[in-house]
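Asker: Sequence:
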Amino acid sequence: MMGSKPKDGFGLEDGFAYYVMLSKDRKPICHTQCIKAPHQLPANWNIHDMPCASKCPLEGLPHFALRPAFEDERQQDEWGKFTTFLYKNEKAAVVQLDTCVLYIINPSLKAGSKAGDVMVLFKMDGVLNDHKNTKNDESMVVSKKLPSAANSVKTGTYEHLQLLAMASGSCAEDRILTPRHEEVGESLDAHFSGRDTNYHDSLKGSSCKSELVSLKDDCCGSKNYARVDPSYLATLGHSHDGWMFGAIAELIDNSRDAKATKLEISVETRYLKKDDLQIPMLSVVDDGHGMSHQEIMVMVSLGHKQTDVDDPNQIGRFGIGFKTGAMKLGRDAIVLTQTTTSRSIAFLSQSFNEGKDSVEIPVVSYRRLGGFMEVDTSIQSLAVADYHLKAIKDFSTFNEYLIGEKSGLFGENGTGTQIYIWNFDKWGSDFCLEWQKRNGDKDSPNENDILIRSRRVRSRSGQISQKVPLDYSLRSYLEVIFLEPRMKIYVQGSLVKSRPLAKSLNKTKIFKGEIKGKPVQLTLGRNQLEWDLMNCGIFLYWHGRLIEAYKRVGGMVHSVDIGRGIVGVIDVTEMSNGNKDFIMNTKQAFRDCEEYATLEQVVG
1 MMGSKPKDGF GLEDGFAYYV MLSKDRKPIC HTQCIKAPHQ LPANWNIHDM PCASKCPLEG
61 LPHFALRPAF EDERQQDEWG KFTTFLYKNE KAAVVQLDTC VLYIINPSLK AGSKAGDVMV
121 LFKMDGVLND HKNTKNDESM VVSKKLPSAA NSVKTGTYEH LQLLAMASGS CAEDRILTPR
181 HEEVGESLDA HFSGRDTNYH DSLKGSSCKS ELVSLKDDCC GSKNYARVDP SYLATLGHSH
241 DGWMFGAIAE LIDNSRDAKA TKLEISVETR YLKKDDLQIP MLSVVDDGHG MSHQEIMVMV
301 SLGHKQTDVD DPNQIGRFGI GFKTGAMKLG RDAIVLTQTT TSRSIAFLSQ SFNEGKDSVE
361 IPVVSYRRLG GFMEVDTSIQ SLAVADYHLK AIKDFSTFNE YLIGEKSGLF GENGTGTQIY
421 IWNFDKWGSD FCLEWQKRNG DKDSPNENDI LIRSRRVRSR SGQISQKVPL DYSLRSYLEV
481 IFLEPRMKIY VQGSLVKSRP LAKSLNKTKI FKGEIKGKPV QLTLGRNQLE WDLMNCGIFL
541 YWHGRLIEAY KRVGGMVHSV DIGRGIVGVI DVTEMSNGNK DFIMNTKQAF RDCEEYATLE
601 QVVG
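Under the UniProt record's numbering, the first residue of the sequence shown carries the number 1, and numbering increases by one thereafter.
Take the hints with a grain of salt, since some may be wrong.
[Said to hold, decoys possible] The calculated lysine-lysine pairs, modelled on DSS-like cross-linking and capped at a C-alpha distance of 27 Å, are:
hint : residue 1 : residue 2
1    : K503      : K518
2    : K437      : K467
3    : K390      : K274
4    : K27       : K356
5    : K393      : K406
Honestly, the hints are just simulated from the structure, not real lab data.
As the structure is a computational prediction, the values presented were derived from the model and not from experiment.
Work out the full structure, taking the sequences as your base and the hints as a guide.
Answerer: Below you can see the structure in the form of structure tokens.
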């Protein structure tokens, strides 16, 4: 992924390696991988000329390889057009950088070089101006001994470059640097159409497309990588099929981890231009510390390395909460986040990815300096940012005006994260969620609330009561979600009054003990409301967040009258310390492990 370095050191054996975006006229051609580059180069290359290779000063220049790293099918197609054009017309694509001039050629399509790669020759400027001095310096130039046949061909000729390409190697790493803004020349399409009349037709056939796919698969050698089909986004949402509020809880956890002091959850109606409809949209807005570009890329990435540290003040652990939560609540989600120095917009969308071969997630990041904001070209080129912003505007309710309006919620010096989700699942002809707002009418019997339309009570062993508001009322759930509330939570514009359970019980008793050598404390007492509703059970918290509610233990499982109105509260954080598999990744249940089985028996 752009902006991050490979964790396994892939490609770093024989020199520097990193990703670059290759463009022409500021229009992206393909995301590529520098292979055995001699030193770090900027990550945005804009082609400004395409002369004949034989007319370029290529003799004796050091070289490295450029390999395609397709981000989507469009880039795969563009790379095929670009490399075929270079080969058939013996052209060199010239890129002028601050420290050097690059000549990209493709002399090796029939010469047996690694499929999909092209060659990059470079001429250094400034202190590195004398390329003849650098070509023998192993710290600057990475090349391999040529086959003996190469010595019989004049250096600098096209035949020599074909043989040279056969000896080129490969490798990789990521780095994003500020691009040089060259003057744009003729468009790539003009070059293609003017030089090769059969160019476009030669690449339209399915055989060429399948060949490109196979070439890409081969380019990584022994390493295989899987693509992510867009249907996987819907699959992610199935994690919370058992209970929709588990999806909302994932977003709340992220706000708490971001040290937010205020969180607002509401449903509002917005106009969707694409479908010409007024649609409901769920918003989750906090005033936490926000996310940098690197952090939001981790948030939207479909998997990343998990931490081994069990921080009792951190709820997030598995790195999948936002994806599973957002994709359960709706088909499309936008994230706006702001730190003291940056602002980013990310779009995770099933609608946008329909018909694509692999998941595409548009992200635009800006550099922020007080009230000044501009695209951060150290992260992405202007062309890439424009492409991503257009995708967001075309497939969502957000244009530049609404983005500006929502960004205003951060305030001049504020930070935080805003998540907007729409295209809810349906329950019959209505949406699976419903929402209520009194709009200032104090005589209204309804509270400001968001509800699960089915009003279904979750299945629990031994439970007969069908009145468990926590299961279908978001307000009731949020009243008890945290042992120690650290942020004010608003639902549909009104404050949720936290109800710390342990402090709401009467005739309380506290039991202390150990389970598997770990300290455990259980607070047990009576609650009149739960008596009236015929409820009882233990509320189990982890890292201060509710995991299981109304868990019946001991005699409660077998008789509704035993323990009626009795509620227990226990935080198992210390008991779980050191067992990273203690919690299910939905954070709505515990794994079937020895510690939990013992806890269940002892509490019963």
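Asker: Run the distance test for K437 versus K467: straight-line Cα separation, threshold 27 Å.
Answerer: Distance ~22 Å between K437 and K467 Cα, so the pair holds.
Asker: Quickly compare the C-alpha distance for K503 and K518 to 27 Å and report which way the hint goes.
Answerer: Between K503 and K518 the Cα gap is close to 24 Å, so the pair holds against 27 Å.
Asker: Do the alpha carbons of K27 and K356 lie within 27 Å of each other, as the hint requires?
Answerer: holds (20 Å)
Asker: Can you confirm whether the C-alpha distance between K390 and K274 stays at or below 27 Å?
Answerer: holds (13 Å)
Asker: Next pair to validate is K393 with K406; report whether the Cα-Cα distance is within 27 Å.
Answerer: Holds, because 14 Å separates the two Cα atoms, which is no more than 27 Å.
Consistency with the previously given hints is maintained throughout, with no hint failing.
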